[in-house]
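K.L.:
Take the given structure of chain R and dock chain Z to it, following the hints.
The listed protein sequences derive, respectively, from chains R and Z.
The opening position of the first sequence corresponds to residue 1 in our numbering, with each subsequent residue numbered one higher.
The opening position of the second sequence corresponds to residue 1 in our numbering, with each subsequent residue numbered one higher.
Everything labelled a hint here was simulated from the structure, so no lab data went into it.
All C-beta atoms, glycine included, are put in the ideal place defined by N, C-alpha and C.
Hints may contain errors.
Cβ-to-Cβ under 7 Å is the rule here; a few derived chain Z residues that face chain R [said to hold, decoys possible]: (1) Met1; (2) Ala3; (3) Ile4; (4) Gly32; (5) Ile36; (6) Ile37; (7) Asn103; (8) Gln104; (9) Ile105; (10) Arg108; (11) Glu190.
Listed below are the residues making up each chain.
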Amino acid sequence: MDHKTVVETTINGERMEFLCEPRQSLLEVLRDVLGMTGSKEGCLTGDCGACSVILDGRAMCSCLMLGVEAAGHKIETVEGLAQGSKLHPLQQKFLENASLQCGICTPGFLMSAKALLDHNPHPTEAEIRYALAGNLCRCTGYDKIVHAVLEASKAGASKAA
Amino acid sequence: MHAINYEAPKTLKDAVALLAQHGEKGRPLCGGTDLIIQLRAGVRRPDFVVDVKKITELTHLSYDAKKGLRLGAAVPAIEVCENHDLKRHYPGLVEAAHLIGSNQIQTRASVGGNLCNGSPAADTTPALIALGARARVAGPKGEREVKVEDFCTAPGRTVLAPGELLVEILVDAPKPHSADAYLRFIPRNEMDIAVVGVGSWLHLDGDKVSAARISLGAVAATPLFAAKASESLVGKKLDDAAIDRAAKLAIEQSSPIDDMRGTAEFRRHLVGVLTKRTLHIAAERARKA
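Pulled out of the complex, with its shape left as it was, chain R reads as follows (with noise of 0.2 Å):
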């Protein structure tokens, strides 16, 4: 009903509940009701893939799935890379290549990174790129991106949690 309902699902290996309307989508979820502002608001139409997270392993773009779809589902985000102060090697990577300016687009990259080397522990540059194509960034050109991923993906990034 378009009343708002109680929503349960696994966010960052946590279990949450949420109160949210039918229209609201799991972005603004994330960011309006559980105050999870590292997913970014870029283009609300799946094409700058800034709002990117994984569900149920696979990156998706959370501006196209609706809350209450969320139910029973395993979401990852942003939040949930660094172990307290331990960065995610793809993190520490992006933060050693320079691979970030306004960093607008880096939660949903590292995301979609993620999931990338959660499959394919050791991609081409050519793979990386192609994997990423869903994401934009407007200030750094993309190779420092690629290089850190690429990087990461040296540093067995795939087998951190």
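P.N.:
Positioned in the frame of chain R, the structure of chain Z alone reads:
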């Protein structure tokens, strides 16, 4: 987005009942990669969104060597792309599904949804038409089968009547020495809408063609089955002359428009090029199959 009601029926019977009840005010939700955008833009304004992803018939994907492919309407494209049997037996369809959007889009978007959205430039529809695929539709008056080439009627419109729902897509088991191929032209490398898409399927008997199906996307108001081009190959030796003739006939059947993605003249040229290329690829695969 305007306020919507969300329902998630667990059976096909319930889904049909809900959609029949809502009529024009209801819309099925599969991957949401078209519908949610349309809801935000106000292009579609249903009061009821009926999530069909909890219905087994719509999330079912199976291949049988005799019965062929059953592809539920809500199966995400990525499952098609990762399926070992489909990659082996319907490589053109897998190619087409893997061209939809990005990895993120393919995690949710379904081939069934791609068909039902009714875009003339849908990537998987020409691949399905080339395979002679059929759509199983359920509605308040019962079930019916529609050939995929008859499914789309105008840009954004399909044969689905209010209350009707696509259940699954059916493709026959491949015959020996048959294969499909799909190619798309876009200005960038990914994430574009097809300027032209061509799906071809061949069934060979030695070096002669027993059967052929060529389908064109993004060059008419709906994806097309290029009947004359396809028939021109039947019974003939598949040489350059035959392929050239088929390509010319395919161009003749297309009616592209000028738009920001390309001119009609360029699109006609692409129809010829992609028809030839997909026929070559399908033939090479068919010889090995």
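K.L.:
Indicate, hint by hint, whether the structure satisfies it.
P.N.:
Now for the hints, and whether the structure bears them out:
Checking methionine 1 of chain Z against chain R by beta carbon gives a least distance of about 4 Å; that is within 7 Å, so the hint holds. A distance limit of 7 Å between C-beta atoms decides the matter here; for alanine 3 of chain Z the minimum to chain R is near 5 Å, and the interface restraint holds. At its closest, the beta carbon of isoleucine 4 of chain Z sits 5 Å from a beta carbon of chain R; the interface hint therefore holds under the 7 Å criterion. The beta carbon of glycine 32 of chain Z comes within 5 Å of a beta carbon in chain R, closer than 7 Å, and the hint placing it at the interface holds.
Taking 7 Å as the C-beta contact cut-off toward chain R, the hint placing isoleucine 36 of chain Z at the interface holds, the least distance being around 5 Å. Interface restraint check: isoleucine 37 of chain Z against chain R, minimum CB-CB distance 5 Å, threshold 7 Å, status holds. The interface hint given for asparagine 103 of chain Z holds, since its Cβ lies 5 Å from the closest Cβ of chain R, which is under the 7 Å cut-off. Among the interface hints, the one on glutamine 104 of chain Z holds; its C-beta lies about 4 Å from the nearest C-beta in chain R, closer than the 7 Å criterion.
For isoleucine 105 of chain Z, the interface hint holds, since its Cβ comes within 7 Å of a Cβ in chain R; the closest pair sits about 6 Å apart. Nearest Cβ of chain R to the Cβ of arginine 108 of chain Z: about 6 Å, under the 7 Å cut. The hint holds. For glutamate 190 of chain Z, the shortest C-beta to C-beta distance to chain R is roughly 4 Å, which falls under 7 Å, so the interface hint holds.
Violation of the numbered hints given earlier is absent; every hint is satisfied by the structure.
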